[in-house]
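Chemist: Sequence lines, in order, name chains A, B and C. All residue numbers for the first sequence refer to the numbering used here, where the first residue is 1 and numbers rise by one. All residue numbers for the second sequence refer to the numbering used here, where the first residue is 1 and numbers rise by one. All residue numbers for the third sequence refer to the numbering used here, where the first residue is 1 and numbers rise by one.
Hints were generated in silico from the structure; no laboratory data involved. Backbone N, C-alpha and C fix where the C-beta goes; we use that ideal spot for every residue, glycine too. Incorrect hints may have been included.
Said to hold, decoys possible - Pairs of lysine-lysine, BS3-like flavour, derived with a Cα cap of 25 Å:
1. C:Lys205 <-> C:Lys78
2. A:Lys78 <-> A:Lys205
3. A:Lys78 <-> A:Lys208
4. B:Lys208 <-> C:Lys138
5. B:Lys138 <-> A:Lys208
6. B:Lys78 <-> B:Lys208
7. C:Lys208 <-> C:Lys78
8. B:Lys78 <-> B:Lys205
9. C:Lys78 <-> A:Lys138
10. C:Lys138 <-> B:Lys205
11. A:Lys205 <-> B:Lys138
12. C:Lys205 <-> A:Lys138
What the hints assert, rightly or not - Across the chosen pairs, the derived CB separations fall in these ranges:
13. B:Leu258 <-> A:Glu179: 16 to 26 Å
14. A:Ala46 <-> C:Ile315: 42 to 52 Å
15. C:Pro376 <-> B:Lys138: 31 to 41 Å
16. C:Ile190 <-> A:Ala31: 54 to 64 Å
17. B:Val201 <-> C:Leu29: 28 to 38 Å
18. B:Gly259 <-> A:Ile320: 28 to 38 Å
19. C:Asn145 <-> B:Ala288: 29 to 39 Å
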Amino acid sequence: MRTLEAKRSTTQPRSAIETVVRELRRSPLLALIFFVPVVILLERMAPEAHTLLFFVAIAAIVPLAALLSRATESVAAKTGDAVGGLLNATLGNLTELIITLAALQAGQYLLVKASIAGAIVTNSLFMFGGAFLIGGLKHHLQEFNRVNARFQASLLFLATIAILVPSLTSGLDRTPAGEFSQQLSLGLAILLIAVYGLGMVFSLKTHKELFASVGQAEAGEEPWPLSIGIVVLIVVTLLVAIVSEIFVGSVQAAAQHLGLTPAFVGFIVIALVGGAAEMTTAFSAARANRLDLSVGIALGSAAQIALFVAPVLVIVSYFIGPQPMSLEFWPGAVAMMLVATMAATLLSNGGHAAWYAGVMALAVYAIFALTLFLLPPGVTQ
Amino acid sequence: MRTLEAKRSTTQPRSAIETVVRELRRSPLLALIFFVPVVILLERMAPEAHTLLFFVAIAAIVPLAALLSRATESVAAKTGDAVGGLLNATLGNLTELIITLAALQAGQYLLVKASIAGAIVTNSLFMFGGAFLIGGLKHHLQEFNRVNARFQASLLFLATIAILVPSLTSGLDRTPAGEFSQQLSLGLAILLIAVYGLGMVFSLKTHKELFASVGQAEAGEEPWPLSIGIVVLIVVTLLVAIVSEIFVGSVQAAAQHLGLTPAFVGFIVIALVGGAAEMTTAFSAARANRLDLSVGIALGSAAQIALFVAPVLVIVSYFIGPQPMSLEFWPGAVAMMLVATMAATLLSNGGHAAWYAGVMALAVYAIFALTLFLLPPGVTQ
Amino acid sequence: MRTLEAKRSTTQPRSAIETVVRELRRSPLLALIFFVPVVILLERMAPEAHTLLFFVAIAAIVPLAALLSRATESVAAKTGDAVGGLLNATLGNLTELIITLAALQAGQYLLVKASIAGAIVTNSLFMFGGAFLIGGLKHHLQEFNRVNARFQASLLFLATIAILVPSLTSGLDRTPAGEFSQQLSLGLAILLIAVYGLGMVFSLKTHKELFASVGQAEAGEEPWPLSIGIVVLIVVTLLVAIVSEIFVGSVQAAAQHLGLTPAFVGFIVIALVGGAAEMTTAFSAARANRLDLSVGIALGSAAQIALFVAPVLVIVSYFIGPQPMSLEFWPGAVAMMLVATMAATLLSNGGHAAWYAGVMALAVYAIFALTLFLLPPGVTQ
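Sequences are here, hints too, so could you generate the full structure?
Modeler: Structure representation (structure tokens):
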């Protein structure tokens, strides 16, 4: 037994590497993984080359996010419905979570908040719009299960509203200098995590048939063996953490140099980079006329940011970082989140998709990006 | 003939008491009616015990509201469809109306406005959410008539928008010191009552089949004889008026002592107390898988607050109270009303209910309550 | 050949006049065309009679708008599906476009913006509400194709959002004095026109079956010969331009004299006058139980204002007028546009109409009008 175990532990890394290599061949995006050692070396050798570090770190995170997503699904597939669903649900936005934790630790609250808002907006408008457009270019009119879509959209709407309450009452916070907003954000975070827990019971236990199709995300892709999945999960999580720290360290100087606001970087760049893996899945599902899956991923991922990532960041901010973080967003971000969620709700509502609806959603997203790009810095504090 | 009539008039009070006693046995909540004489006596003996008076008055209003609702329905059942429907529609929120009239007379405009806003939000989120949760714990997936629900939800949305127009343009009111807001609120109130009158024609005459199920609210409960119904209606209305006056007289001091803001008291406490009777009906209907009825009560009651109670209060404020009241709400209340109405619209839209949707709606309500609880006083003026 | 051509060119004007006369007999509204020469003469003789000029110009524009609409449709009917659809789509709001161009040239940006906002709100609430009410007074319950209506409503919602982005982030524009807002508005305008162009491809080419019924607008009305259509189109466009210039020249003094704000004139008067022709069509379609058509006209026309008229005005403002115009609206107009679009979305959503829904939409419109009427001037800058 002992020798066998020892043997396994020595073969595992090798076979993990083999698996990774095989994956790399199949999915060309993974070739970007080459940038992971590059960025780590570069940071040691030229820590002041912020702009270069910024771009190389982005290039390195994309394939890591894809691997993370693949590993999570493999582990989930091998651990059975309940644990697997839990893993998929919890680790679905792991990349965003790690990047924002790094930003939190560095005290860059604006970046953290912009990333939260941006992830919700990107999932609601860009992922939805992209899926409708890509699906619609191949299929004349696509139908999807509108009962489920509507149900998930109304959950997303309520989740978004929930995290926006402190912002909606924020103008009132003149008197006791932020104390009210702090308390409210903490109470809210605890409540949201409880609601998220109940949501797991709902989607994994009492009403799992409503969410069934999402589970079969990677049909056709064979899951990795459990041990490889776990090893990849741990190793890649560590790598994402390392690269994220480099990214966050370089972002301020790089953004200044490139003329980008932190709001733009958080809202657009991090959201697109962190969600790249999910988007690939959602878009290829739309192309395969499985729009139910695309809609489920987009709505589910956005809701998870609101109900899980955002409150976790608030609670963690009490332990790391210079001071507790509130859930107060600047008014423009609030408007964008509300509008994006309502757009996703409207688009889910009909149960039909055509390419032009995708164009419209992408146009609204482009307008948001343009706004954030043109916005004078210092405005979004 | 004459003796018979005389006889009837003497037997009526006794039989009314008997009926009340029988009701008390059937519905244990009514036992709280014991607090009605207690609060009246207490107010005479210890007018300065504000906090005690506050709680006892709340305990006394709950059973009175239940009796009022029962009496209204009994009279409605005996007076035929048209008059009965009219009564049900007009007196459905009688408790809220009496409490807010007492607050209006005392010049507590903040409490009045908070009660209006709170009643709309409580009906849209708490009653809806509670019905979905209670129904969903017993039934896996509940369906309801989505055509009717959607129609009523869009009416509620328009009604809410209507009363929010002065608030949405309120930031503009710098120049002529409130005069614009006064005029607008009065014009609006007259228009809303006209719209409400047309709504009666619609729901009781031209399209009564759309609202049919709501009329059979108390199936199984035998209506009281007409005379008893009328007597109870008058007597209990008077009692509610007396207790409301005591409640309003004690609320400011009590709230200060308990650390509650007037906004919290109006928004949450009065809304829950005033709507207790309707909620009981809506929740038991949900349990009995008659979700159509629950949805109809919640949406209809919220719309009635916007189209009838709010404008009546504005118009009455010209005759009682220190000065006319406008329909201008503080921005947080506006956001909450809009969001609650949109949530109710979304939840009605699908035609399906499951317990988690109820949890989400209740969570948003809890977040609103938490916000109002933590809010520093003086902010909601 | 040559003589024949020459002959045709001489007979055309005469037969055009004949056709116009025949139309005048059929549609009594066209008798108002008498005011066109009156207003032109009056402006020469009494250029200072602003209030009189204001009213006569309004009376003159209504029949011109009707003729313009009729001529556009005639030309469209004769030039085949593709070109005709393009014409109908582009010239559908030609009257609004000409009036606002005249206002733009005069530097009356407030009037321009109020007209844009007002056209969207008027199409969404007044045209929708009127169609529901007029249709509902004749038919108990009207059904319409909710898949198409929903799809078009979600496009309208996205289009409205798009033009509102600069306003939603406008509070942020303190620092660089409007420069950000200018740039954003220009970028947005270019993007919107591109989206509008794609929308043509969508509605006229790839998915024309979704919009089919709208094309048969004037069933029963025989189209004019092509040559007459083109001549009328050109002549009437010139007349509208002349009358619009007189109107814009008189509006400021007249509004001051009548106690009307420019916001009221732009939002309500211009929107109703400019849209009179379309409303006539939408209302008579509702009466004929062709609610699909009414809904299509209302939603389509509102979306066209947002996607075509508004961006064209922004771009043209760089060439005419004292300075470039941004797409920033005052907060009240933003709220009204958002609310009106959401109301139209909700009303489309159900697929059912009854008269009371029309009353509610008209009531909200009346409240908006009352607000703008009471609004102190100087507030909407």
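Chemist: If a hint holds in the structure, say so; if it doesn't, say that too.
Modeler: We went through each hint and held it up to the structure:
For the hint pairing lysine 205 of chain C with lysine 78 of chain C, the CA-to-CA distance comes to about 18 Å; that is within 25 Å, so the pair holds. Of the supplied pair hints, the one linking lysine 78 of chain A and lysine 205 of chain A holds, its CA atoms being roughly 18 Å apart against a limit of 25 Å. Distance check on the hinted pair: lysine 78 of chain A and lysine 208 of chain A sit about 18 Å apart at the alpha-carbon level, within 25 Å; holds. The straight-line distance between the Cα atoms of lysine 208 of chain B and lysine 138 of chain C is roughly 17 Å, inside the 25 Å bound, and the hint therefore holds.
The hinted pair formed by lysine 138 of chain B and lysine 208 of chain A meets the criterion: a straight-line CA distance of about 17 Å does not exceed 25 Å. Among the hinted pairs, lysine 78 of chain B with lysine 208 of chain B is consistent with the structure: their alpha-carbon atoms are about 18 Å apart, no more than 25 Å. Restraint check for lysine 208 of chain C and lysine 78 of chain C: satisfied, since their Cα atoms lie roughly 18 Å apart, inside the 25 Å limit. The straight-line distance between the Cα atoms of lysine 78 of chain B and lysine 205 of chain B is roughly 18 Å, inside the 25 Å bound, and the hint therefore holds.
For the hint linking lysine 78 of chain C to lysine 138 of chain A, the alpha-carbon distance of about 33 Å lies beyond 25 Å, and the restraint is violated. Under the criterion of a C-alpha separation no larger than 25 Å, the hint pairing lysine 138 of chain C with lysine 205 of chain B is consistent with the structure, at around 15 Å. In summary, the hint linking lysine 205 of chain A to lysine 138 of chain B is supported, as the alpha carbons are separated by about 15 Å, within the 25 Å threshold. Distance hint between lysine 205 of chain C and lysine 138 of chain A is fulfilled; the C-alpha atoms sit about 15 Å from each other, no more than 25 Å.
Between leucine 258 of chain B and glutamate 179 of chain A the beta carbons are some 20 Å apart, a value that agrees with the proposed interval 16 to 26 Å. Between alanine 46 of chain A and isoleucine 315 of chain C, the C-beta spacing of about 45 Å keeps the proposed range 42 to 52 Å intact. Taking 31 to 41 Å as the suggested C-beta distance range, the pair proline 376 of chain C and lysine 138 of chain B does not conform, at roughly 56 Å. Hint check: isoleucine 190 of chain C to alanine 31 of chain A, Cβ distance near 36 Å, so the stated range 54 to 64 Å is violated.
The hinted range of 28 to 38 Å is satisfied by valine 201 of chain B and leucine 29 of chain C, whose Cβ atoms lie roughly 31 Å apart. Checked against the hint of 28 to 38 Å, the C-beta distance between glycine 259 of chain B and isoleucine 320 of chain A comes to roughly 32 Å, which is consistent with it. Our hint of 29 to 39 Å for asparagine 145 of chain C and alanine 288 of chain B holds, since their Cβ atoms are close to 36 Å apart.
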